[in-house]
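A.B. asks: My request is simple: use the sequences and hints to build the entire structure.
For the record, the sequence lines run as chains A and B. Everything in the first sequence is counted per full-length UniProt numbering, starting at 1 for the first residue and increasing by one. Everything in the second sequence is counted per full-length UniProt numbering, starting at 1 for the first residue and increasing by one.
Read the hints as simulated data drawn from the structure, not as lab findings. These numbers come from a predicted model, not from an experiment. All the given hints hold, so there is nothing to weed out.
Within a straight-line C-alpha distance of at most 25 Å, the following computed SDA-like cross-link-like pairs (lysine to any residue) qualify:
1. B:Lys278 <-> A:Gln148
2. A:Lys341 <-> B:Glu60
3. B:Lys278 <-> A:Leu151
Chain by chain, the residues run as shown.
Protein chains: 2
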Amino acid sequence: MPFRIQIRFRDEASEVSTSSDIDRITRELQGRIADYQDHFSRVFAQYFEDLQRNFDGPAESRFTARSLELLGHLSLRGGKRQRVAFLYEAARLVTAEPVPGLDEAALSIELLQTHLLVHDDIIDDAPTRRGGPSTYYAYREEFPQHPQTALGLALLAGDLAAFLSLQVLLDSGLPVALRHALVDVQTRAAAATFVGQMFDLERDFPQIPSEELLNSVSDYKASRSSALAPIQLGLLVAGEDPVEHAETLRRYALMFGISGQMCDDYLSLFGDERVTGKPNTADVRDGRRTYAIRAVLATATETERVRIESILGRPDCTAADIDCLRDIAQHHRVDRELRSKMHRYAELACREAAGWRDCWHDDAVTFFERVPVWGVERTL
Amino acid sequence: MPFRIQIRFRDEASEVSTSSDIDRITRELQGRIADYQDHFSRVFAQYFEDLQRNFDGPAESRFTARSLELLGHLSLRGGKRQRVAFLYEAARLVTAEPVPGLDEAALSIELLQTHLLVHDDIIDDAPTRRGGPSTYYAYREEFPQHPQTALGLALLAGDLAAFLSLQVLLDSGLPVALRHALVDVQTRAAAATFVGQMFDLERDFPQIPSEELLNSVSDYKASRSSALAPIQLGLLVAGEDPVEHAETLRRYALMFGISGQMCDDYLSLFGDERVTGKPNTADVRDGRRTYAIRAVLATATETERVRIESILGRPDCTAADIDCLRDIAQHHRVDRELRSKMHRYAELACREAAGWRDCWHDDAVTFFERVPVWGVERTL
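C.D. replies: The structure is reproduced here in structure tokens:
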């Protein structure tokens, strides 16, 4: 692992030269992210505890209370909280002092994420999420005789999470202009994500989508809400206007997002199911033209392509089918090419962040510089 | 019709004494609402035209453009625009001068309504809405082989409409504190509505819900977003703080909402399908314990109740079943009792509005005073 990081950082040999330096940086990065996770877990748990008590809903409605409970379960099961780390570090770009409003911004980010996951699992008809039942399937379990009620409740719980995500900002007690700016960021990020998700569904219809198209999907679907918005929110809370840095932030988020999406897509097809927690058949069975599957289709011979298209979207797709697809991919070195590409995008993000040294705190700049490559490396 | 209005207004004999007065008031009311409808239709059509041009989405995504188109179709097919009339009249409570921001507030209200309708038709699996296909079924028509894609696109289009509803306020160029207050009203109204919709689903599970429970459902599901929020927004835009009138506005919205919901529920069961455009079997088939069905259940004999329960929720429920239910209802005078109740609630709303004369413009107060009873009368 350190060796590979050393290769990735080879262009910055003057800064990072020994494997013990890399170990130290990795430990530091992990330590900081873990601290944010710990802190935010407590904040989020407290939020849901308060919500159950103070929520403006009819006291006699069990369904309302249950929806808050299920939103809490899904939200508190976590995930990596990468967005939260981005938010806190973005504030540290500006100041090392604690600033009020960061926790509320973090809650907003993760509540919007909860909204997206709840609806995403309806769209994908997904039974599980974050190592537990999806909200949709939790309701299906509770209403085995009423699938339409289960669908309705899951959909409404997701809708509720979206507006709770804004309410937490509106109720933050921050200066009104700041509150307004934060809501504006989240509203745009949400709209972009829905567009990205539609575009993602569209991607699976044409024969072979271009890589540019997948980059654009990734931009709308992930980069803006997962990378750009958290950084914008962190800067805003710390008193900096992100509009003045719009271009570089957009580029950073885009490169980071593409790299991360490529990595996810790669792992879905080539990774170890025991590590990813997701069957390798999933993307193929759903006919998803991910970066990985697109790359195989684009380099395959005509015969191979016909074979791949016959597997894609088949509900009964087997492990042997996946092996066949992987063989074709490895024959054309698609897996190596993809690993190399995701590193290149991660490095582009790193270099973008390196340019922030002129105006922002060194310590946090280093975080944004390191995290894209580290994100790719730690999962491969 | 005038006669019945006269009866309703009997406590205000000094103000409204002749049938020609009533006719004049009715014509005035209709004229004002029609003017708002006309004006808003143009504003809304222009909004969707601009949206297609300026939307921040990937140019190459047909799915994105199509979602905006379908949201436009549903939105522009209209409905009564009662909320819009409430908004404009609420501003006129404060000032007869035109005030900037009213159109943006109207757009926000109707975009949120579009969001609610799109998701509601997924929840109810409803093929039609406002005399055309529901967004969900428009997509199902376009993707006959991919029902899950159709579901996903409809869900995402609905999500998008919700955030467009806020974006239009954020982009309004109004003073930032006002923008913030408007967003706050809409966010709370949306959250209340989701809760009301969950509560509405819950209502259909217990044996016989109490009337108080149905009032609470109506409060959350309809009153707040359809009556309270438009009035709050209109006052805010006109420079008045609705918080100072919170109690009377809440009571007005609640009474108006209950009366309207009772009226809808009554018509669903007892009304003329050719007028309502909705089969009389719909509520019964879906097992919906509406005000009307609850009232029949609550007054029926044990034998009758068993018979009604055997019909409720049956997908193959027939016109003959409905006739049987109606016979039971009429035997117990449930239909008359319900008509009388919805009038009483409408009158309570009228009286609440009458109290606004002390602080607000007479002309607009009269509107809010007249509209609840008129709303009931014109549909019965």
